[in-house]
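Here the protein sequences come in this chain order: D and H.
Residue 43 is where the first sequence starts when you use our numbering, and the numbers rise one by one after that.
Residue 1186 is where the second sequence starts when you use our numbering, and the numbers rise one by one after that.
Calculated from the structure, these hints are not laboratory results.
Just so you know, not all the hints are guaranteed correct.
What the hints assert, rightly or not - Listed next, the in silico DSSO-like pairs over lysine-lysine satisfying Cα-Cα at most 30 angstroms (straight line):
| # | chain 1 | residue 1 | chain 2 | residue 2 |
| --- | --- | --- | --- | --- |
| 1 | H | K1230 | D | K174 |
| 2 | D | K112 | D | K195 |
| 3 | H | K1288 | H | K1325 |
| 4 | D | K220 | H | K1230 |
| 5 | D | K205 | D | K220 |
| 6 | D | K220 | H | K1374 |
| 7 | H | K1325 | H | K1263 |
| 8 | H | K1288 | D | K220 |
| 9 | H | K1230 | D | K195 |
| 10 | D | K97 | D | K195 |
| 11 | D | K133 | H | K1374 |
| 12 | H | K1325 | D | K133 |
| 13 | D | K75 | H | K1325 |
| 14 | H | K1374 | D | K174 |
| 15 | H | K1230 | D | K75 |
| 16 | D | K220 | H | K1325 |
| 17 | D | K133 | H | K1230 |
| 18 | D | K174 | H | K1288 |
| 19 | D | K112 | D | K205 |
| 20 | D | K75 | D | K205 |
| 21 | D | K174 | H | K1325 |
| 22 | D | K205 | D | K97 |
| 23 | H | K1325 | D | K205 |
| 24 | D | K195 | D | K174 |
| 25 | D | K75 | H | K1374 |
Just so you know, these numbers come straight off a predicted model, no measurement behind them.
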Amino acid sequence: MHVRALSLSLLVAIPVTVGAAQSWKNTAPESFKANAQITNDVGGAASVVAIQIDKYTSDDAHGALVKALKDQGNDAFLQALHQAPAIGSVKIGARSVPVRWARERREGDGRRIAIVTDGALFFAGAGAVDAKPTTGFDVAVLEFTIDSVGLGKGTMAGAARVKAGGATGIEIEDYAGKRITLVSVTRTIS
Amino acid sequence: MKREIALTTVGLLLIAALHPALGGASAQSKKKKDAGAEVFNATAKVGTATAGGDARVSIEIDSYTPERDLQAMEQALKTGGSEAFLAALRRAPAAGRLRAGDKEFTIRWARARPAASGRVISLVTDSPVYFVGAGVPGAKSRTGFDVAVILLTMDPAGVGQGTLAAAAKVKPGGASGVEVEDYASEPVKLVSVFKVIS
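One chain only, chain H, in its complex shape (with noise of 0.2 angstroms):
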């Protein structure tokens, strides 16, 4: 069974979040504190009417990508497409990661902005992370979908939600520039978002 490919809310989001225009000057100039090292735990949510599961998860950020690499990065999107993007992805160093249990997943996109009510992280894995949606025989293929994009809205005191595409292909196109399609057809909720205070 063949379903169709769908440009989530995730993705309509990320719209806003990665792309420059809209982005504003970033949070580790605004927001000093933010600029280190950070970890975020959540709990990823995906259901319909029938089915429906759910998945802890780690998020760690060493670093937020510097601002010549997010450009870099935007650049290589804007002109080579997908396949270019990816290997200016891959070439950019290593920001943190996300924890699943015991699968680790390199982070090598981490941008903060200051929104009207905290902070808006966008958060890209140079890797899957999980193809949602996968199990069901006679799934879609899995080619393309080399990423994964996850998006976080914190508030000031460190809580917040956000959204998992656990398995991603990013692509320009749309008013921004940016679009994110997502491999799977039903959005991965991240609830209970919080930052972990150390």
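Isolated chain D, as found in the complex (with noise of 0.2 angstroms):
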């Protein structure tokens, strides 16, 4: 099992877009459910997953998030988002993890939203005989899209760490090494 770097992009695209984000008529406090799903070539596995979002990190929070990692790295990020307040919950299972950090961008007739959690979900793949250490990842990273009905499609980094590095100068390293895809994301009406 090898491990791959990811990119959030709106873990680096700010305040411009969300601006028009938060304009838009659809927003926290808003949920969400969705059906995670990640195969490889002996099976598959797939999970409901139950995500509530009370509001989205303000531009302030966010930046220093960022700068946090930026500057000092993964250590004084997840130090920075363990004191973030928690601003709702992603729920898998009888397993319910707090979102620390959640951010909207319009896009198209839609938008787009991430979510780090305070922990890490699941580490999937961690069953395995030879499995890695789960050290290190930390937080889960959720991405996904949803449209102005409600319906979108996205995907999950379980158990991740998030660091500086790459093109973007941010990089999700995801401990199953593979994506988990979200499939059928609704949007719940309450």
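Dock the two chains into a complex; use the hints.
Structure (structure tokens):
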């Protein structure tokens, strides 16, 4: 199993786009449901994911997190993340983890939403006899699109390490080495 | 999050399959055609109300374990517990292998016995295959779950079903003297099991 580095566009694309999103009719508080799926050549796994976002991270709070990561690295980022207020939750099965960072950006007639949780949700592949250590993969990262009707798709790193680097300056290292697909994302009407 | 160790239905079923008093005569002495090499393909499935997974596995049996070796392992379990059983298991000759993708696990216990609807086949690998549930943060320790236990119920046509304790601990205890403790809290089912006709 190898680790794959992913870029998370919303971590680096900041305030300008958010202004447009905030004027969009759908925004927090809101909740979503999705089917998470991961497959390989032997088989696959699937689970229902419930996402609650009470509010999106402000520009100031977002800027502080990005600065901590870029200036001081992963440990400082984690510290700042853990100190941020809980603004929602992501739930898989019986496990619920607070959301500490959430951003939205308008795309076409819909939005792109990214979420970072306070802790890892699931270490995909950790049950293998030769699985690598889980240490250092301290958050989960979700990114999905949602259209104006409330339907979308995306990806999830159930356990990830956010670090400075790469072309964008920020990389998401996924424990699984392969992204979990979020299919049938639906915005819940309450 | 710690989960309770569960003695699953796999373990309960295996009490009958592994225990000599309940096992009856081995199939290799009764059904000559099943004594040699055979291959089974199956789909392993595990799931709860909100999550599930499956994987394709192949079970290749080169030959069933001789009765004297089975008895040696049973005696080791009875007198020396899990550690002695594990040591005896690992001394036993390879009887076949379980394949999942590019991973291969050696089977060192292979017993078949006749049943009302065909055969019951019990298999034990000399290492765990997969720790189901270990991906949850705070999952329990893997220590002591050193084997995998497979139980197949096959009909005369070569079609069947079964269970897989993908990481298990074989220990003395219970009414029959043999217990299988499964690392997973949800048993893995083997479905669409069929004997490969070569």
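A quick look at each hint next to the structure:
Distance check on the hinted pair: H:K1230 and D:K174 sit about 24 angstroms apart at the alpha-carbon level, within 30 angstroms; holds. Of the pairs offered as hints, the one joining D:K112 and D:K195 holds, with about 29 angstroms between alpha carbons and a cut-off of 30 angstroms not exceeded. A distance of roughly 24 angstroms separates the Cα atoms of H:K1288 and H:K1325; the hinted pair therefore holds under the 30 angstroms criterion. In summary, the hint linking D:K220 to H:K1230 is supported, as the alpha carbons are separated by about 21 angstroms, within the 30 angstroms threshold.
Our distance criterion of 30 angstroms between C-alpha atoms is met by D:K205 and D:K220, whose separation comes to about 17 angstroms. Between D:K220 and H:K1374 the alpha-carbon distance is near 26 angstroms, which keeps this suggested pair within the 30 angstroms criterion. Annotation: proposed proximity of H:K1325 to H:K1263 holds, straight-line Cα distance about 27 angstroms (limit 30 angstroms). As the CA atoms of H:K1288 and D:K220 are separated by approximately 19 angstroms, the hinted pair is consistent with the 30 angstroms bound.
Note on H:K1230 and D:K195: the hinted pairing holds, with a Cα-Cα distance of about 26 angstroms set against a maximum of 30 angstroms. Simply put, D:K97 and D:K195 have alpha-carbon atoms about 20 angstroms apart, close enough for the 30 angstroms limit, and the pair holds. At roughly 26 angstroms between alpha-carbon atoms, D:K133 and H:K1374 fall within 30 angstroms of each other, so this suggested pair holds. Using a Cα cut-off of 30 angstroms, the hinted pair H:K1325 and D:K133 holds, with the two alpha carbons roughly 20 angstroms apart.
Of the supplied pair hints, the one linking D:K75 and H:K1325 holds, its CA atoms being roughly 29 angstroms apart against a limit of 30 angstroms. Among the hinted pairs, H:K1374 with D:K174 is consistent with the structure: their alpha-carbon atoms are about 26 angstroms apart, no more than 30 angstroms. Pair hint H:K1230 plus D:K75 holds up; C-alpha atoms about 24 angstroms apart against a cutoff of 30 angstroms. Restraint check: the Cα-Cα separation between D:K220 and H:K1325 comes to about 24 angstroms, which is no more than 30 angstroms; the hinted pair holds.
Annotation: proposed proximity of D:K133 to H:K1230 holds, straight-line Cα distance about 23 angstroms (limit 30 angstroms). Distance check on the hinted pair: D:K174 and H:K1288 sit about 16 angstroms apart at the alpha-carbon level, within 30 angstroms; holds. Simply put, D:K112 and D:K205 have alpha-carbon atoms about 8 angstroms apart, close enough for the 30 angstroms limit, and the pair holds. About 28 angstroms separates the Cα atoms of D:K75 and D:K205, which keeps this hinted pair within 30 angstroms; it holds.
As the CA atoms of D:K174 and H:K1325 are separated by approximately 16 angstroms, the hinted pair is consistent with the 30 angstroms bound. For the given pair, D:K205 sits about 25 angstroms from D:K97 by alpha-carbon distance, which is consistent with the 30 angstroms threshold. Distance hint between H:K1325 and D:K205 is fulfilled; the C-alpha atoms sit about 29 angstroms from each other, no more than 30 angstroms. Distance check on the hinted pair: D:K195 and D:K174 sit about 29 angstroms apart at the alpha-carbon level, within 30 angstroms; holds.
Of the pairs offered as hints, the one joining D:K75 and H:K1374 holds, with about 28 angstroms between alpha carbons and a cut-off of 30 angstroms not exceeded.
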